[in-house]
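Each protein sequence line maps, in turn, to chains A and B. Anchor point for the first sequence: position 224 equals 1482 in the numbering used here, and the numbering is continuous, going up by one each time. Anchor point for the second sequence: position 147 equals 1638 in the numbering used here, and the numbering is continuous, going up by one each time.
Bear in mind the hints are in silico, worked out from the structure with no lab data behind them. Ideal Cβ placement from N, Cα and C applies to all residues, glycine included. Heads up, some of the hints might be wrong.
[Stated by the list, open to error] Dumping the calculated SDA-like pairs for lysine to any residue here, alpha-carbon to alpha-carbon at most 20 Å: (1) B:K1642 to A:L1370; (2) B:K1638 to A:L1442; (3) A:K1372 to A:T1505; (4) A:K1372 to A:S1406; (5) B:K1642 to A:G1435; (6) A:K1372 to A:P1434; (7) A:K1372 to A:C1306; (8) A:K1372 to A:G1504; (9) B:K1638 to B:G1616; (10) B:K1642 to A:N1570; (11) B:K1638 to A:R1439; (12) B:K1642 to A:P1434; (13) B:K1642 to A:G1547; (14) A:K1372 to B:S1643; (15) B:K1642 to A:T1505; (16) B:K1638 to A:G1435; (17) B:K1642 to A:R1439; (18) B:K1638 to A:G1438.
[Claimed, not checked] Stretches of chain B that chain A covers, calculated by requiring three or more beta carbons in the stretch to come under 8 Å of a beta carbon on chain A: (19) 1522-1530; (20) 1599-1606.
[Unchecked claim] Okay, the calculated bits of chain A under chain B, using three or more residues with CB under 8 Å as the criterion: (21) 1342-1348; (22) 1427-1438; (23) 1506-1517.
For reference, the chains in residue letters:
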Amino acid sequence: MRNHAGTPTLDPRTHRVIVHGMVSSALSFSIADLMRFPSVERMHFLECSGNSGRGWRSLGEGVQYSHGLLSCALWTGVPLRTVLDEAGVRPGAGWVIAEGADGALYDRSIPLAKALDDALLVYGQNGEMLRPEQGYPVRLLLPGFEGSANVKWLRRLKVVGAPAYSREETAQYTQPGVDGRVELFNFVMDAKSVITFPSPGDGLREPGFYEIRGFAWSGRGRITGVEVSTNGGATWAAATLDELRGTKCLTRFTFPLRWDGTPVELQSRATDEAGAVQPTLAALVAARGPSLRYHVNAIARWRIAADGTVSNLDA
Amino acid sequence: MATLAFVAIVVLIAAGCAHTANGAAHTYGLGRPANAAEIAARDIDVSPDGAGLPGGRGDAVAGARIFAATCRRCHGEGVRLDPQRWPYATTLFDYVRRAMPPDRTERLRPDELYAVTAYELAINGVIDQRDVLDRQSLPRVTMPGLKSFFKSP
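If we strip away everything but chain B, and leave its shape as in the complex, we get (with noise of 0.2 Å):
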C-alpha cells in the first residue's frame, strides 16, 4: 500500500513537469490562439543566421539611389557606421526594416531594404559596391568586429 501511494505520487509529479516544461497550462483559460496572419505581421525579427529574412535582392548601386530618395534628408550622404560596433550585419537589415523611416513616410519593401543594407555596409568599407545582398548573401557577410564580442555563459 506504502508502495503503491508512492508510486502514485512520483507519477503526479512526473505529469505535473511535463505539464509546465512541454503542455500549454491554460491555467486560467485567459487570451485566445494567436492566428498565423497577426504573428506574421509582427514576426519581423532577423537572426544572424538569416531566419527572418524575406526573399528579394538589392546592391548598393540601387541603394544609393534609395538612400537618396529616403534617407538624406536626415542623414546626408550616408551614415557613418563603425563595423566594429555591429557584430552581424543581419542586424542592420532588421534595425532599417523595423525603424526605418522613423516617420513611417514609406516603407520600404524588400528590394529596397537588401539595397540599402549594401550601400551601407559599402560605404563603410564592409562589402564591394557590386556586391548584391539577399537572404543567402547577407547572413554570409562578416563583419570586422564580430571576434571582439563575447557573452557570457
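If we strip away everything but chain A, and leave its shape as in the complex, we get (with noise of 0.2 Å):
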C-alpha cells in the first residue's frame, strides 16, 4: 500500500463524496448515506502495478521485494453503480474522473463502463471500517485494475465524456512498449502467479517432502489453473488449486516436492478464464519491450541450490 501525498485525516461526520458532471441530478453524500445504500462484501486483490517491476528488485532479494506489492482483502461497499445511478448518468458519458482528499488531490479517470460493471465505494476491509491509510473513510475499489487507480479518499466522482490525462495517468504509471509508444489507460493486472514457499530467504534445510506453496491472481477474472515446474519450465505438472477461487482475487496454491538435494530451479504459471497464460519474462520482453516497470507478470524463477538455499534467477 502506498500513498502520493501522505494519509490526509479525515472527519467522516463531516466528509461527503459528491457526483457531478453528465449525470441529471448532481448529489452530495455523506458517509452514513453511502452506508445506507445497499451493501456487498467481496473478496478482491489488490495489486500495485510496479509489482515485480525493476525497480523494486534492487531493494532486497526476498520474495516481499519482488512481488510484496499485493494484497486480498474483503471489501465491503456499495456498488459504484448503484450510486450512479442514483444521479443518473446522462447520455455521452464515457468515463468517471475520481478524485482523492489527499494531499495531491489525486485523481484519476475511469471508464464508465467499469464504473458500471464491477467498481465499489467501499468504506469496509476484512469486517472492520477503513484504515486510515486505506482511504478511510472510503475509497474507489476496481476490482483487477491497477492498484494506483482505486483512488482512496474519495471526494468527488465527476462524469464526463473524455478522460482528465492527469498526470498519474500519463506522465506516471506508463511505459514505452517496444515500438517507443506509450499506451494510456492500460488498467488490468494480467494472470500471474509466485511461488512463497520456498522462496528467496525461505529455503529448504535438509532433503526430504515438502510442499511448495504459493498465489495465483489474474484481473481478468477467475483463475482456473496453476502449473509447477521443478526443472526449469522443461515439462510441467498441475499443482492443487485450494477452494476459495474467487474473482480477481489471490487463489492458493500447493504442489509436493520430494527434493533429493540436488539443485531445483522452480517456477509457477498461472492460467485465468480469459484463457491468458502466465507469459516468461522472455516474452514479456519480447512484447512490450525492456522497460518493465510495471504491470509485469511473469514467471517467477527461484533457484534452489544444493545447500537449500534459494535465489532469483531474474534479480
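Assembly of the complex is requested from the two constituent chains, each provided in isolation within its own frame, with the hints serving as guidance.
Given below as C-alpha cells:
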C-alpha cells in the first residue's frame, strides 16, 4: 500500500462525496448516506502496477521485494453503479474522474464501463472500517485494475465524456512499448502467480518432503489452473488449487516436492478464465520492450541450491 | 387483447430504459443535491482542451521568482521533466494546482500557476522564456511527446 501525498485525517461526520458532471442530478453524499445503500461484500486482490517491476528488485532479494506490493481483502461497500444510477448518468458520458481528498488531490480517470460493471465504493475492509492509510472513510475499489487507479479518501466523482489526462495517468504509471509508443489507460493486471515457499530467504533445510505453496491471481477473472515446473520449465504438472477461487481474488495453490538435495529450478505458471497464460520474462520483454516498470506478470524463477538456499534467477 | 398487452410491455421497457439512461433514478432517495458552491470548490480538473482553466496569465520570468520563493526549498532551481512523458501541457498546470506545494503553506493564485507552469515549460525547452501562458495559449502548447501516446479503443 502506497500513498502519493501522505494520509489525510478526514472526519467521517463531515466528509462528503459529490457526484457531478454529466448526470441528471448532481448529488452530495455523507458517509452515513453511502452506508445506507444496499451493500455487497467481495474478496478482491489489489496489486500495485509496479509490483515485480525492475525498480523494486534492487532493494532486496526476498519475495516480499519481488512480489510484495500485493494484497487480498474482504471489501464492504456499495456498487458504484448504484450511486451513479441515483444521480442518473447522461448519454454521451464515457469516463468518471475520481478524486481523493489527500494532499495531492490525487485523481484518475475510470472508464464508465468499469464504473458500471464491478466497481465499488468501499468503506469496510476485512470486517472493520477502512483504516486511514487504506482510504478511510471511503475509497474506490476497481477489481482487477492496477492498484493506483483505486483512488483513496474519495471526495469527488465527475462523470465526463473524455479522460482528465491527469499526471498520474500520463507522465506516471505508463511506459514505452517495443516501438517507443506509450499506451494510456492500460488498467488490467494480467494472470500471475508466485511460489512463496520455498522462496529467496526461506529455503530448505535438508532433503525430504516439502509442500510448495504460492498464490495465483488475475484481473480478468478466476484462476482456472496453476502449473509447477521443477526443472526450469522443461516440463509442467498441475498444482492443487485451494477451494477459495474468487474472481479477481488471490487463489492459493500447493504442489508436493520430494527434494533429493540436488539443485532445482522452480517455476509456477497461472492460467485464468479468459484463457491467458502467465508469460515468461523473455516473452514479456519481446512483447513489451525492456523497460518493465509496470504490469510485470512474468513467471518467477527460483533456484534451490544444493545447500537448500533459494535465489531469484531474475533479480 | 394480446396486441394491447404487448404494446403496454414495450412502452414499459422503453420508459425503463429512458429512465436509466437519461433521468436521475433517485431509487433510494439518499444524498442531497450538490450545490453550485460545493461543486465549484472541488471542480478543479483541467482538460487538454483548456476546459477548467481559470483567468489570469504568467510567463517564465515571473515564474522564476515564484519558483524561488515557493518551490526551491524542495526542487532546487527547477524540476527537470522529460517533456516526452507529458502529452499535454495543461496536465502540468493541473498537477501544480492540485498538489503543490504539498504542505499547503501557500496557495498559488492563477497568475502564479500560469507563471510557474511557464517557467517549468521554458527550462525544459518546450516554450520560450517570453511566452505568456493563459487560458487560451496554454492548451495550444504542443508537447513534443504527444504523438508517442495512444489510447486503445
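Query - Straight-line alpha-carbon gap B:K1642 to A:L1370, limit 20 Å - result: holds (15 Å)
| Is the hinted pair A:K1372 and A:S1406 satisfied, with a Cα-Cα distance of at most 20 Å? | holds (15 Å)
Note to self: Can you confirm whether chain A covers the stretch 1522-1530 of chain B, using C-beta to C-beta distances below 8 Å and requiring at least three such residues?
What the structure shows: holds (count 7)
Hint consistency between B:K1638 and A:G1438 [alpha-carbon to alpha-carbon, up to 20 Å]:
holds (11 Å)
*asked:* Just to be careful, I want the Cα atoms of B:K1638 and A:R1439 compared with a cutoff of 20 Å; is the pair within it?
replied: Distance ~8 Å between B:K1638 and A:R1439 Cα, so the pair holds.
*Is A:K1372 close enough to A:P1434, meaning Cα to Cα at most 20 Å?*
It is violated: about 25 Å lies between the C-alpha atoms, which goes past 20 Å.
Q. Taken at face value, is the distance from the CA of A:G1435 to the CA of B:K1638 at most 20 Å?
A. holds (14 Å)
Quiz item: B:K1642 and A:G1547: Cα distance at most 20 Å?
Solution: holds (18 Å)
**Asked** Are three or more residues of the stretch 1342-1348 of chain A within 8 Å, CB to CB, of chain B?
**Response** holds (count 6)
Run the distance test for B:K1638 versus B:G1616: straight-line Cα separation, threshold 20 Å.
holds (17 Å)
- Query: Taken at face value, is the distance from the CA of A:L1442 to the CA of B:K1638 at most 20 Å?
  - Reply: holds (12 Å)
State whether the coverage of the stretch 1427-1438 of chain A by chain B holds or is violated, taking the criterion as 3 or more residues with Cβ-Cβ distances under 8 Å. Holds: 5 residues of the stretch 1427-1438 of chain A have a Cβ under 8 Å from chain B.
Hints 6, 10, 15, 20, 23, counting from the list given before, are not met by this structure.
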